[in-house]
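Asker: Residues per chain, in single letters:
Protein chains: 4
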Amino acid sequence: MIGVGVIGYGYWGPNLVRNFMEIPGARVVCVSDLNKDRLAVARTRYPALTTTTDSQELIRNPQVDAVIVATPVSSHFALGMQALEEGKHVLIEKPLASSAEQAAKLIDEAARRKRILLVDHTFTYTGAVRKMRELVTAGSLGEIYYYDSVRVNLGLFQHDVNVIWDLAVHDLSIMDFVLRSRPIAVSATGISHLPGKPENTAYLTCFFDSPFIGHVHASWLAPVKVRRTLLGGSAKMVMYDDIEPSEKIRVYDKGINVTNDPESIYKLLIQYRTGDMWAPQLDSTEALRSEAIHFVKAIEEGRALTDECESGLRVVEILEAATRSLAGRGHPVELGARR
Amino acid sequence: MIGVGVIGYGYWGPNLVRNFMEIPGARVVCVSDLNKDRLAVARTRYPALTTTTDSQELIRNPQVDAVIVATPVSSHFALGMQALEEGKHVLIEKPLASSAEQAAKLIDEAARRKRILLVDHTFTYTGAVRKMRELVTAGSLGEIYYYDSVRVNLGLFQHDVNVIWDLAVHDLSIMDFVLRSRPIAVSATGISHLPGKPENTAYLTCFFDSPFIGHVHASWLAPVKVRRTLLGGSAKMVMYDDIEPSEKIRVYDKGINVTNDPESIYKLLIQYRTGDMWAPQLDSTEALRSEAIHFVKAIEEGRALTDECESGLRVVEILEAATRSLAGRGHPVELGARR
Amino acid sequence: MIGVGVIGYGYWGPNLVRNFMEIPGARVVCVSDLNKDRLAVARTRYPALTTTTDSQELIRNPQVDAVIVATPVSSHFALGMQALEEGKHVLIEKPLASSAEQAAKLIDEAARRKRILLVDHTFTYTGAVRKMRELVTAGSLGEIYYYDSVRVNLGLFQHDVNVIWDLAVHDLSIMDFVLRSRPIAVSATGISHLPGKPENTAYLTCFFDSPFIGHVHASWLAPVKVRRTLLGGSAKMVMYDDIEPSEKIRVYDKGINVTNDPESIYKLLIQYRTGDMWAPQLDSTEALRSEAIHFVKAIEEGRALTDECESGLRVVEILEAATRSLAGRGHPVELGARR
Amino acid sequence: MIGVGVIGYGYWGPNLVRNFMEIPGARVVCVSDLNKDRLAVARTRYPALTTTTDSQELIRNPQVDAVIVATPVSSHFALGMQALEEGKHVLIEKPLASSAEQAAKLIDEAARRKRILLVDHTFTYTGAVRKMRELVTAGSLGEIYYYDSVRVNLGLFQHDVNVIWDLAVHDLSIMDFVLRSRPIAVSATGISHLPGKPENTAYLTCFFDSPFIGHVHASWLAPVKVRRTLLGGSAKMVMYDDIEPSEKIRVYDKGINVTNDPESIYKLLIQYRTGDMWAPQLDSTEALRSEAIHFVKAIEEGRALTDECESGLRVVEILEAATRSLAGRGHPVELGARR
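Protein chains in written order, with the numbering used here: chain A, 463 to 801; chain B, 463 to 801; chain C, 463 to 801; chain D, 463 to 801.
Certain hints may be false.
Any copy, or any two copies together, can satisfy a pair, since identical chains are not distinguished.
Unchecked claim - Here are the simulated DSS-like pairs of lysine-lysine, each with C-alpha atoms no more than 27 Å apart in a straight line:
| no. | residue 1 | residue 2 |
| --- | --- | --- |
| 1 | LYS659 | LYS698 |
| 2 | LYS687 | LYS659 |
| 3 | LYS498 | LYS759 |
| 4 | LYS698 | LYS593 |
These are computed hints drawn from the structure, not numbers from a lab.
Chain A with its partners taken away, still in its complex shape (with noise of 0.2 Å):
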């Protein structure tokens, strides 16, 4: 039985908490917040839990043998490191740290500890991206054409990083993880409403080598939710809705066909092509307890989860390449050489 420590009870915690409770192979014993009222609260649920308002504590606590870190951003990387340092498995809010340099360096001190870390990149383990990722696998989409997503809604405003890294982060990772390739260049553009304040509103666009496009709007103060999403594919298109509660993923029959003129060979002839939709019925197990399940697997059987922290590594690469491009109005940045 794993024993884990979940700092962090605010938002996302509480899903952290009930999942890792409810699976088989572990069970919370702590969890740390500087605010008591959360704390209070964490224990109406669950009597038996040790809380604490010192993250320290926690991660020092001897009956914790895993730490999930589920703070602000800006606090990852000292305690995800703090925790390996203690000899800690780790579990730690997307994005995996604020820089690539933070990531990489929590990555390799994992490894030489053999220590699992992962990066909780929760829509890679949801049902529609997975079905997305098959699809995208066995070619059944054609040549993949571009990868365009909406994430905005109103709130919740973050203090420490803008909505790229709060929201776009989301699809960085689905697209990592549906597509396996990286970009090779990044133009964001945005704005902030309130001054001083981290953008509230952006716009990404992803460079690739392959005549591919990714973009995602990311915004905090919509006055709808929207979570959509559409991959173009030269023989079939998906539009992922988020939202939707039954039939999430569609896939169109849909595109374009190609052929040269037969009166000049200066023009190509577009023919649109229309067919049947079909959506798919997909898993509906709960992505974070899929997520939590695997963890847990991967701690009993002492695998390291390589792919996955490359992939949070990357993420967090584009994530610092956008504020670049930013800060520049659209001004594109290229991203270095894989490490």
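Go by the hints and put chains B, C and D onto chain A.
Answerer: Coordinates of chains B, C and D only, in the frame set by chain A:
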């Protein structure tokens, strides 16, 4: 009775002919198109029409007082200029011309010859867009924060211009009409999936000298048709969904209230405010009919449509800048001083 | 070339004229309407038309080979019979007549005079309804459990018939076409909110001699337009939403599996099954065009449309029974033997 | 602190337990269920709970002041009566009992013993339904014309009652609450697709002694989940869509205006009126929480919930009449005089 000649009877031409046939004070007398089949279709519907494959013949036809140019963008300038030189009034399909220089020449020529020139910014005549302008002008939305629009569908690929010139142009005309302010710079990204062809998928950000941002996603390669605009203000926010058969405009009493944290002068407290939603009834007159009446009335009264022409020019300036930015992967392009 | 005369140029008449003008083999030569303004509209659109306020003149017009009756229900029989007696082919707006007796007389007269008679059950010519029939015929839905339809909107109140005769008639024609079975009894309830006027809101249940039930909700007094039909089967279920611009037909791989409980022979175990959803591409030809071609072809070939006429009669039989049940607050009314 | 015992920990029981655990003034002390696995689930969530498979034990438990009956309908009366006889307060799942006679006995027994009795008409505690009542009471909708509701989904088939008792009961409780008037007769139709089992699909019409009609479509055998109610009035109309995450209530300024035709005293002129739509913000407190607080407060204050009990009885009277009508294929069944 004003005699109207329509050049181009492809996708949009039939709508122009139908509307100018049904309004008082005008009558379509001649239609030209390079394609004889299209002319046959026109004659079946309107047996009294004169048809020709030669646009010059139409322009010189003495029964034609006003020429409507509904052809690909690249021919707008030449045909519009010929018609003006022949002493005709001119209505040109959006965008007004292929370059700001051409647009300015058309405007100057119309002024010199005292002929009415109008660019067909159709959406600015819809009940929905007029309601948005009314709300903004009345201050109902508070300070305007952003304009965000998605205008995507499958087809129709254009051969002479990219998708920004074809689809995003609608949003640029709407933004100009609703907000009455001019961007100072743009950043655009996009992609073509057909070698040698213009971009079919593109993203355009407009920067202003105020804390406002405009963004348009335009594509000919989406599996679903989307026409959805968000207009965010400090007091209220609007969602304009042009696909909805009714309730195209929804006004949300939603937003944030920002106050200084009493415990810390350095911190802002953000509160999320949600209230009623309201969908005002809209004028449902067909936009093109209102526009046709507007054009005919200006001819009858001899009143130059200066505002509309200047708007047509500003939109072309943005399109030119966007195309340059597109070539530079989002590199921001500043718009020159107002002429 | 078959000369067509259309009696009634109100709501539906213009669609009939437009379609019969555009198909090969026919041409509308004459339109009659009691309202001179409507005739003026018709002439503006089609300058070559003969128009008259006297339907008798149209019926006797030697250029008219086929008469289309698009008038209120109460006049269907008289006008249709006059046209048949004059030796014309006849297409009558739904429902065929005001009573089963009248409908049967029309059918007999057409047979006696060897003239083509057709009732305008428009929906049976749509791609959506034809797809439903195809699915049922192929057995894809399994045993058919129910047909449930909601057909409501604001207006247009009829003065001579209740809302079942005006709106539910569409569903009766669809059920007859898709399921090819005849109800044995009906129960109808409803209300009129205008003293002395026919029911504007009504509910109709059709009973069959199999474990299948049909139900229609029809209203002229709803704030939203709904055209939504559920067709449930033991293997699959269909939702047909005619308001949707695309994906009008959705086939759900959903249902129940019933097994005997191993622990008790008296108990059934019900398992809920949910699988993929599939929206087949549909033929998008305008229904009225297909119907017009069908009618013209039958005239050309001299082939009586017996099935369609019998369907028209069956529908009127149900409507008559429904009106009797309505007066008895749902008291069930049995349908007599098939003629 | 009121001690609460919950009989039945199946579908609805967990919601009852959670809410009574979280409100002030009460605490769930005991849960009973015939299924030991369900009890184990309850204990995992709430380690301090006493659990038992014997409902009698729970009823006699001296720590239990109030008994909640969340079992199949057929056991409501016996369990509720036993609890009252033991001197407990009682909250019974909808519907109150299997017959009006039983319901009346429960009410009388509670009055005699001065114990609080409440039936769980959950929807009457939602912000949406309360807003509808508020609009009706304030006269905002004008004269009320109809209530029409569709409440369908796939499952859960009940074994002891038909779908009217299981699903339409919600609408009967809403109608009673919103309109405060009692039907004079009902007509119901329906079908069972499983031999010997209660109807899984049914239609219920309620007649009143005013020009108002109520109708409910209830089904356990639909491919999609629909919870949509139309409430039509002479001044405004409401659509209540409980599936919508926000804007559940939409108020349409739509309707008809009826005037006498100036040209004919026998004719009414009907004009269709369409105006704004308005979606008021709703109280989003969980309904069951409000209800639990209401119940606990009544116990604390010793105030009998007479109105709620009478409503529970009226609803059962309608259900009984509906079942009789169902057996007679819609034959109308009159409701007796108010007791």
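Asker: If you check each hint against the structure, which ones fail?
Answerer: 3
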